[in-house]
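Enquirer: Based on the hints, put chain B in the right spot on chain A.
There are 2 protein chains.
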Amino acid sequence: MRIGLFTLAAVVLCGAATMARGEIKTETVKYKAGDVESQGFLAFDDKVAGKRPGVLIVPEWWGLNDYAKSRAKQLAELGYVALAADMYGNGQVTEDPKQAGQWAGGLKTGDRKELRIRVQAALDRLKSNPNVDADRTAAIGYCFGGTTVLELARSGAAVNAVVSFHGDLSIAQPAESGQVKAKVLVCHGADDSFEPPAQIEAFQAEMRKAHVDWEMNSYGNAVHSFTNPGADKHGIPGIAYNKEADHRSFRAMIGLFNEVFGKTHEGNPGQARK
Amino acid sequence: MRIGLFTLAAVVLCGAATMARGEIKTETVKYKAGDVESQGFLAFDDKVAGKRPGVLIVPEWWGLNDYAKSRAKQLAELGYVALAADMYGNGQVTEDPKQAGQWAGGLKTGDRKELRIRVQAALDRLKSNPNVDADRTAAIGYCFGGTTVLELARSGAAVNAVVSFHGDLSIAQPAESGQVKAKVLVCHGADDSFEPPAQIEAFQAEMRKAHVDWEMNSYGNAVHSFTNPGADKHGIPGIAYNKEADHRSFRAMIGLFNEVFGKTHEGNPGQARK
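Residue numbers (the working numbering), protein chains in the order written: chain A, 84 to 357; chain B, 84 to 357.
Treat the hints with care, as some may be off.
Note that identical chains are pooled: a pair holds if it fits in a single copy or bridges any two copies.
As the list claims (entries may be wrong) - Simulated pairs of lysine-lysine, BS3-like, Cα-Cα distance not exceeding 30 Å:
no., residue 1, residue 2
1, Lys134, Lys156
2, Lys292, Lys316
3, Lys108, Lys152
4, Lys108, Lys181
5, Lys316, Lys108
Keep in mind the hints are simulated off the structure, nothing from the lab.
Note that the structure is a prediction, hence the values are computed from the model and not measured.
With the rest of the complex left out, here is chain A (with noise of 0.2 Å):
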């Protein structure tokens, strides 16, 4: 297993640790999500070489913004290619909890399928770019983002691994026994007041019913929105910044990127350099 450890993370860490970084570029990539214009974020290092794991960002309740975008660099700066997602269209995008509610409340109601829809054009868009492996993506979300990964995965969507920070767990089409490709991880904030327990409940019983592989991640002291340092600004009871949290759920999604994209390549995404 020592040896598992090593191929899964010392040989990707390793050799993005003791590599020159090239210059992350950024670019506004527009795609069309149903009937909507959609206006992504992609983040890449155009020193990396050839196709590499590409990662699908899906923002908070808030829309594109900055937090979302400095996700996308972040993982950009770890050798993949990073899309962070436009679910809104046009850019759109807020600081007003009363329009995010209404955004993202009218793609979360009924049946979801507009918002499968508009997940699914944003990985499909992922996956064209010329950089990226479309056999070696993940999606990951932030809140009303990790609702909306965790919907792409119940989609049967083929990507290899999805990963909801603090995402609301509620279900709208349950998913179906055996038809979830990806791999989930779920980090919850062991405090987040927004998520109720028979809700985390009916979640798990989704996930055995199915056969998914999954894992859910309670991280004690960290309520809702623990990745997002911004989180505190906007004063809204119950959201929180957690430190630790942030780092512990970050390392277990890489852990996780690690083991579903580490066999199928050198193991850094960023290995491959002119």
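Expert: Just chain B now, with coordinates in the frame of chain A:
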């Protein structure tokens, strides 16, 4: 956070991954646990120079068997000094569930005062090893051993991290607020039928009330004893090995070790070589 990630993981794993390894030495170490004459199993890499982090391993209810010893050797290969504890004295071990139940049950009943005495003695023995940095130690345990290391944490023992793998989370003497020094990681099989939901809730409530720095990971499709490749041989219903959960929980443990040990030394416990 990327830098943090490298500090926490890459330095350790790169060092260990790229270095020629010395021979793993093992020896029986005697120590007194209360009135009990104990014989622990020590494993370390003889090519490592200087003090390094020490890891205490508390075996399953079977006693200090080959599985516990294999974990000690595995950790020694990663550069730690590992001591597998003899919780029953005189190196007693069994494959009879009834006998194991009597031994473990006897220590788990009541106030668990004797259990704390025995595990503290093993930790002290580990710290007294000349190769161990007594300020950088962790205690991990499997099943009964998981319960035991959680008891060690509750006692306020000076240990940086405690990791329970499929341990019984029942409470005898609840942790007192602010008294737990160890960061606590609980690795739990989501389908572990030996762990009632109410007991899990009570444990998490205890951690909250005592303001412990804790994390609980639930691994889908994993039942009791999921880390032990030999679990199935006993033919006990509800006990089985799960490779994914084994590897993922091991990865989570190493991540925590890197977090608590990584900042106070070069990162790789086996880095300084003769």
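Enquirer: Now, for every hint given, state plainly whether the structure supports it.
Expert: Cross-check of the supplied hints:
| no. | hint | result |
| --- | --- | --- |
| 1 | Lys134 <-> Lys156 | within (18 Å within a copy, 39 Å between copies) |
| 2 | Lys292 <-> Lys316 | between (40 Å within a copy, 27 Å between copies) |
| 3 | Lys108 <-> Lys152 | within (12 Å within a copy, 49 Å between copies) |
| 4 | Lys108 <-> Lys181 | neither (33 Å within a copy, 63 Å between copies) |
| 5 | Lys316 <-> Lys108 | within (29 Å within a copy, 54 Å between copies) |
When each numbered hint is compared with the structure, a violation occurs for hint 4 only.
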